[in-house]
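So the sequences go chain by chain: A and B. To convert, count from 1 in the first sequence and add 94; that's our numbering. To convert, count from 1 in the second sequence and add 501; that's our numbering.
By construction, these hints were calculated from the structure, which means they are not laboratory data. Heads up, the beta-carbon is just placed ideally off N, CA and C, and yes, glycines get one too. Some hints could be false.
Residues on chain A that point at chain B, a partial pick, calculated with CB under 10 Å [said to hold, decoys possible]:
id : residue
1  : G164
2  : Q167
3  : S195
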Amino acid sequence: MVYNKYNDRFALIRSLVTLLSASVMFLLSGVAQADLEEEEGAELAWKYHCITCHGEDGLADSTRYPNIGGQNQMYLVSRLKYFRDGKEAGNQMNAQAVLLSDEVIEKLATYFSKKSY
Amino acid sequence: MKGFKIAIVAALVGLGFGCSSEKPEGAALAVEKGCVACHGQDGKGIAIIYPNLDLQWEEYLRLQLLAYRSGKRENAIMNGIATTLTDEDIAILASHYGK
Numbered sequence: 095m096v097y098n099k100y101n102d103r104f105a106l107i108r109s110l111v112t113l114l115s116a117s118v119m120f121l122l123s124g125v126a127q128a129d130l131e132e133e134e135g136a137e138l139a140w141k142y143h144c145i146t147c148h149g150e151d152g153l154a155d156s157t158r159y160p161n162i163g164g165q166n167q168m169y170l171v172s173r174l175k176y177f178r179d180g181k182e183a184g185n186q187m188n189a190q191a192v193l194l195s196d197e198v199i200e201k202l203a204t205y206f207s208k209k210s211y
Numbered sequence: 502m503k504g505f506k507i508a509i510v511a512a513l514v515g516l517g518f519g520c521s522s523e524k525p526e527g528a529a530l531a532v533e534k535g536c537v538a539c540h541g542q543d544g545k546g547i548a549i550i551y552p553n554l555d556l557q558w559e560e561y562l563r564l565q566l567l568a569y570r571s572g573k574r575e576n577a578i579m580n581g582i583a584t585t586l587t588d589e590d591i592a593i594l595a596s597h598y599g600k
């Protein structure tokens, strides 16, 4: 019998294996991407001194400071931009936020919004 | 006699509930002042532009409400709402939502 793709009894198995391995690779790349984001977020949170008051997981070490772990991402973005714009004179966040680009603000907000404690 | 004891226990339990009226008062005030419209009854923001309050320190919430009322913290919605709050209202609401 001449080989062709229509009479190959292993065709189904082969395509299933291909599909399975593709799915696994896709999932792994997703996990790797999430890990990278998490790692970058942690570095930024340390670099910009967020964790000094708000803790590594966003649980503040004093009740005068807000918990930001698990807070809504868009709220955190608006809050950082508010401080960067200097809207609240005398707030100690102003000097921190003035150093942040839009991109860094997005990343920090995403990082802490996904945290829980 | 047994019935009398039960009546006393029931009365004490009732008294206990009566005294710990902080929960219902906070919940009622949160409705009256419009907090629930954006922050929900349980402190979960109804949209991601609004903060969750359930994860927040009571003291931080109290300080923020005071700052909104004095105008130190600027927000078009919250400044107006905070001016309707007394110190006592602020303490009750912070306790209701915060931890």
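Against the structure shown, which of the earlier numbered hints fail to hold, in ascending order? 3
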